[in-house]
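Protein chains: 2
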Amino acid sequence: MRTVYSGLVDESFIGQTVTLYGWAHRRRDHGGVIFIDLRDREGLVQVVCDPDRPEVFATADKCRNEYCLKVVGLVRARPEGTKNDNLISGGVEVLCHELEILNASVTPPFHLDDENLSETTRLTYRVLDLRRPQMQKNLRLRYRAAMAFRKYLDSHGFIDIETPMLTRSTPEGARDYLVPSRVQDGCFYALPQSPQLFKQLLMMAGFDRYYQIVKCFRDEDLRADRQPEFTQVDIETSFLSMDEIRAIMEDLMRTVFKEVLDVELANPFPVMQWDDAMAKYGSDKPDLRVNLQLVEVTDIVADSQFKVFSGVKSLHNGKVVALRVPGACTMPRSEIDAYTEFVKIYGAKGLAYIKVNEAARGREGLQSPIVKNLSDDELAQIIARTGAKDGDVIFFGADKAKIVWDSLGALRLKIGHSEFGKSTGLFTPGWQPLWVVNFPMFEYSEEDQRWVSCHHPFTCPLDGHEDKLLTDPEHCYAKAYDMVLNGWEVGGGSIRIHREEVQEKVFEALKIGKEEARQKFGFLLDALQFGAPPHGGIAFGLDRIATMMCGADSIRDVIAFPKTQRAQCLLTQAPAPVEEKQLRELHIRLRNEPKKEHDIAGQ
Amino acid sequence: MRTVYSGLVDESFIGQTVTLYGWAHRRRDHGGVIFIDLRDREGLVQVVCDPDRPEVFATADKCRNEYCLKVVGLVRARPEGTKNDNLISGGVEVLCHELEILNASVTPPFHLDDENLSETTRLTYRVLDLRRPQMQKNLRLRYRAAMAFRKYLDSHGFIDIETPMLTRSTPEGARDYLVPSRVQDGCFYALPQSPQLFKQLLMMAGFDRYYQIVKCFRDEDLRADRQPEFTQVDIETSFLSMDEIRAIMEDLMRTVFKEVLDVELANPFPVMQWDDAMAKYGSDKPDLRVNLQLVEVTDIVADSQFKVFSGVKSLHNGKVVALRVPGACTMPRSEIDAYTEFVKIYGAKGLAYIKVNEAARGREGLQSPIVKNLSDDELAQIIARTGAKDGDVIFFGADKAKIVWDSLGALRLKIGHSEFGKSTGLFTPGWQPLWVVNFPMFEYSEEDQRWVSCHHPFTCPLDGHEDKLLTDPEHCYAKAYDMVLNGWEVGGGSIRIHREEVQEKVFEALKIGKEEARQKFGFLLDALQFGAPPHGGIAFGLDRIATMMCGADSIRDVIAFPKTQRAQCLLTQAPAPVEEKQLRELHIRLRNEPKKEHDIAGQ
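Each protein sequence line maps, in turn, to chains A and B.
With the first letter of the first sequence counted as 1, position 311 gets the number 311 in our numbering; the numbers rise by one all the way through.
With the first letter of the second sequence counted as 1, position 48 gets the number 48 in our numbering; the numbers rise by one all the way through.
Treat the hints with caution; some may be incorrect.
The list treats identical chains as one, so a pair stands whether inside a single copy or across any two.
Stated by the list, open to error - Computed cross-link-like contacts, EDC-like style, restricted to lysine to aspartate or glutamate with a CA-CA straight-line distance of at most 16 Å:
1. K581 with E220
2. K468 with E80
3. K258 with E474
4. K62 with E358
5. K137 with D276
6. K520 with E579
7. K402 with D377
8. K511 with D448
9. K307 with D50
10. K285 with E489
11. K505 with D467
12. K355 with E447
13. K520 with D154
14. K151 with D463
None of these hints come from the bench; they were simulated from the model.
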């Protein structure tokens with residue numbers, strides 16, 4: 001066995017003979033002596049192979065990058081002036097007594113220090129990519145985070161109970177991955193989108209506190225930060241109020257951040273109503289590091305001559321909203337034009353703005369194509385309500401609420417994270433957690449022509465809102481809460497429905513007929529009959545949290561073997577064609593001619 | 001929040017007012033007072049509802065079994081003579097001040113104390129079944145075992161790294177569960193049968209020590225103790241010898257048993273060669289609690305007149321093996337006849353035996369239909385080698401080795417676990433772990449007409465056996481080891497091949513052509529080229545270990561939501577038909593007419 005990991009050989013080992021295992025990170029011949037940087041998961045140590053020992057020297061001479069080596073040698077202090085303060089082992093070197101090549105390597109397609117690798121190269125040669133110190137660090141940090149979650153939950157009486165991976169397709173939600181059954185002709189399992197129903201059943205079964213760090217699956221077109229399989233820290237508890245659950249969950253998150261990063265998150269987390277989050281940030285996951293807020297001015301311009309503003313009252317939930325950006329008068333016109341294009345992505349028709357050059361001069365001190373359309377009084381009220389100072393720019397959105405929120409919410413982030421924002425104090429680095437609570441129960445789906453659940457159909461309405469389920473679904477709010485960190489939803493949860501009659505009402509609101517509900521969710525409705533306890537929970541996105549903790553750009557940097565945006569594994573070439581015999585056993589056939597092997601390989 | 005779990009209210013709470021949540025396990029009306037046994041995951045406490053408090057009493061009067069309740073009350077000592085020593089709370093009761101019905105229950109289909117429930121009833125009403133104290137205990141013990149594994153591995157530098165669930169089908173092995181790809185028409189993912197290749201890739205990527213508690217999948221016809229999805233404690237490490245790996249793994253198992261059951265397993269575990277295990281126990285997973293051994297007598301009877309015995313030399317690897325059962329002369333003839341039928345299950349044509357009534361009298365003291373066919377010398381040698389004493393019975397198997405081992409190995413267990421065996425000291429209760437090591441590399445598959453891997457194709461041959469891979473596969477042995485406990489394989493592992501040329505030779509021995517190997521395992525062969533380290537590992541079957549620890553009859557008793565032997569979930573009715581639209585998106589169609597809904601429901 002090794003004496004110690006290479007990366008951990010420090011001054012305390014001086015004078016000791018150590019056995020090390022690792023890889024030749026770099027080999028250099030310097031003044032007739034061969035130096036090998038031996039690398040293992042903990043880091044590097046310098047190994048010195050002297051010509052005095054001809055056998056060692058000859059072996060070292062054959063050694064190339066990524067050769068797998070066993071080294072036995074004496075630890076000694078490095079000569080003065082050659083120390084490397086960046087390494088734990090930077091003060092020492094190992095004088096090699098025995099060197100064994102455990103396995104040779106062909107020349108790697110890239111050096112591990114190369115930081116300019118394409119993602120395709122990295123995923124194709126993932127084994128080499130994972131040897132890079134940054135990836136080693138990321139996956140170990142991810143592990144430490146997962147373990148910190150487990151330790152906290154364990155010490156608070158939560159029990160990890162495994163729920164099935166082969167389960168039932170319930171089309172309410174995202175698209176399922178299906179698994180054909182061999183035993184039951186024509187039947188399919190689905191991979192779970194989350195263990196939602198099972199964890200509720202576990203509460204009904206009296207386990208009281210449950211958790212699981214578990215793979216979930218969604219067959220959706222992948223955005224940059226989505227994977228077909230992702231990992232949730234899934235939690236559920238009985239007999240606690242929304243406040244009590246949130247208190248435990250934010251304590252959990254504080255503990256994890258403290259333990260893994262030695263970072264102190266706010267205590268307590270700020271709590272924001274969903275309505276307020278939308279009004280002030282245009283988002284249900286506001287990034288509070290950005291010091292900008294939206295201000296609604298619909299009432300001020302309700303009767304304005306400017307039809308773009310006053311016209312919103314004819315829209316369903318039309319709004320005029322302002323975003324004041326301090327000091328933005330210095331922005332070049334080209335930047336403002338770019339923002340005008342930017343908000344169009346979110347459906348905005350344009351981006352009205354007012355530059356506040358000198359507010360004291362009234363209309364004369366303002367510069368904007370729209371100033372002429374607004375009355376003195378309207379202008380004065382806008383300046384007053386937004387609190388605009390000389391040098392500020394006020395941007396406006398005027399449309400249906402969703403478009404205004406989406407576009408100005410995105411603009412707020414864009415400006416906050418821009419060079420301008422960072423250099424003018426609109427962005428405060430750090431960790432900004434908060435709760436967003438009391439989400440709407442439903443949102444209207446134009447596609448399905450019906451109300452659909454914002455969270456999921458098992459979410460409990462706020463006390464007193466049960467009656468609105470059918471009569472006023474738009475204004476029915478839910479006991480739902482999201483944990484938000486730096487603009488990302490890191491966890492989402494709710495109190496669940498524990499009464500059969502409420503659950504049936506929600507299905508009705510969602511236009512899931514009685515028979516359909518019974519067929520798909522009969523087991524849930526049955527279980528609710530047997531004294532189901534009040535319960536609720538949350539699910540944290542571990543991939544996302546690990547990515548943020550690592551400061552990585554992509555969740556693919558905290559997953560050992562991720563898939564591409566085409567849901568492909570470049571390493572194993574999954575998915576792949578299978579044998580006809582396998583399909584026959586599963587009672588399915590392909591709709592289209594199978595591709596030839598070489599077509600597949602050449603994709 | 002609750003003050004304490006109901007089951008944990010003990011004398012230390014006397015005089016305190018406590019808040020409890022739970023279920024009415026039983027309600028009885030006794031002398032005008034209502035007693036409710038309130039149950040939660042920790043157990044029961046007796047709640048007393050007095051007519052002095054009319055509101056409480058009226059609510060208690062409405063209360064029925066499995067109602068979900070909140071209780072606030074004063075803990076007091078039970079009257080002398082009414083204590084229940086079986087409960088932690090047996091010395092106290094809670095005088096109820098406030099009683100709230102959180103949720104009513106319809107009458108449950110069975111009482112939770114009922115121990116005679118069919119498995120179908122239990123799985124159909126799994127939520128109620130899981131409320132039973134035994135199931136609560138089982139799943140919590142399983143959790144504690146899993147957590148004990150984690151803690152040990154964590155403290156020994158092993159890192160949990162998640163491997164993909166959507167991976168590539170590699171038909172070498174059991175049947176895969178397939179997942180059709182929506183993005184890649186005609187292509188399929190497979191659910192992993194184990195993370196074998198990925199954990200090897202992680203070693204090649206330099207993570208050094210890996211573990212994962214992970215779901216694996218096999219689409220096989222289910223035997224009593226198999227599930228389509230099962231859980232492995234999967235472990236891999238680099239740079240360690242077989243002995244070093246086994247030392248860590250048995251220390252792990254000792255620690256888990258000590259921590260969870262307070263049981264001390266042997267230190268060290270006995271180590272048995274596979275050849276010896278087969279010769280002495282007819283099994284590669286001997287149950288050492290049974291104090292019986294097989295003895296080979298092929299040589300003694302090689303030239304016997306008795307053709308049943310001497311004829312085995314014409315068979316490939318034919319053997320005559322004896323099993324001496326001390327004191328079995330007292331067995332009724334009917335029991336011996338039953339064993340004769342029993343061994344036929346394993347392919348034996350019959351079960352010869354000799355009753356040793358009085359060995360000193362030679363042939364006269366022996367009783368058996370076969371004695372007349374054996375010479376005095378043969379009989380004397382058999383008595384001597386088996387060590388038979390007066391009163392013993394010697395059973396014989398004579399056939400190809402596999403049939404003899406299977407049948408006598410099974411007979412050994414059958415007798416050892418029988419009433420006879422237990423009453424005559426042939427069975428020693430307790431925990432009997434051991435290692436079985438040096439398995440053959442291959443076994444011959446009559447079905448496939450080729451050699452197949454005993455363990456898997458990535459197992460390293462014993463030092464010096466590489467040359468036999470192609471020239472003498474039958475006698476090529478492997479660096480493979482199983483951990484066996486009380487006759488069950490609880491873990492299996494091996495040192496893996498870390499050299500490309502050895503791996504290619506094994507594929508050749510398995511008749512996996514170069515092109516096929518490249519197509520299916522190219523990513524492994526590629527990775528081996530880049531200085532792959534020597535590595536090896538093990539996988540433990542968590543379901544099996546938990547079952548043994550719980551003393552349960554079936555792994556279904558340690559899985560929250562198991563499947564039936566038809567791979568069906570009786571609770572959710574998975575697998576189930578899906579919508580045509582879903583199949584279209586996946587580019588597949590059914591081969592046969594879909595069943596009608598009511599056919600499905602009626603299955």
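Each hint, compared with the structure:
1. K581 with E220: between (29 Å within a copy, 15 Å between copies)
2. K468 with E80: Result: close neither inside a copy nor across copies, 78 Å intra and 55 Å inter.
3. K258 with E474: Classified as neither: same-chain Cα gap 40 Å, cross-chain 57 Å, threshold 16 Å.
4. K62 with E358: Neither way: K62 and E358 sit 75 Å apart in one copy and 74 Å across, limit 16 Å.
5. K137 with D276: neither (39 Å within a copy, 46 Å between copies)
6. K520 with E579: between (33 Å within a copy, 13 Å between copies)
7. K402 with D377: Neither: 28 Å inside a chain and 99 Å across chains, both beyond 16 Å.
8. K511 with D448: Only inside one copy: K511 and D448 sit 10 Å apart there, 54 Å across copies, limit 16 Å.
9. K307 with D50: neither (85 Å within a copy, 72 Å between copies)
10. K285 with E489: Classified as within; 6 Å inside a copy, 50 Å across copies.
11. K505 with D467: within (9 Å within a copy, 72 Å between copies)
12. K355 with E447: neither (40 Å within a copy, 83 Å between copies)
13. K520 with D154: neither (33 Å within a copy, 41 Å between copies)
14. K151 with D463: Intra 34 Å, inter 42 Å, cutoff 16 Å: neither.
Against the hints set out earlier in the document, violations occur for numbers 2, 3, 4, 5, 7, 9, 12, 13, 14.
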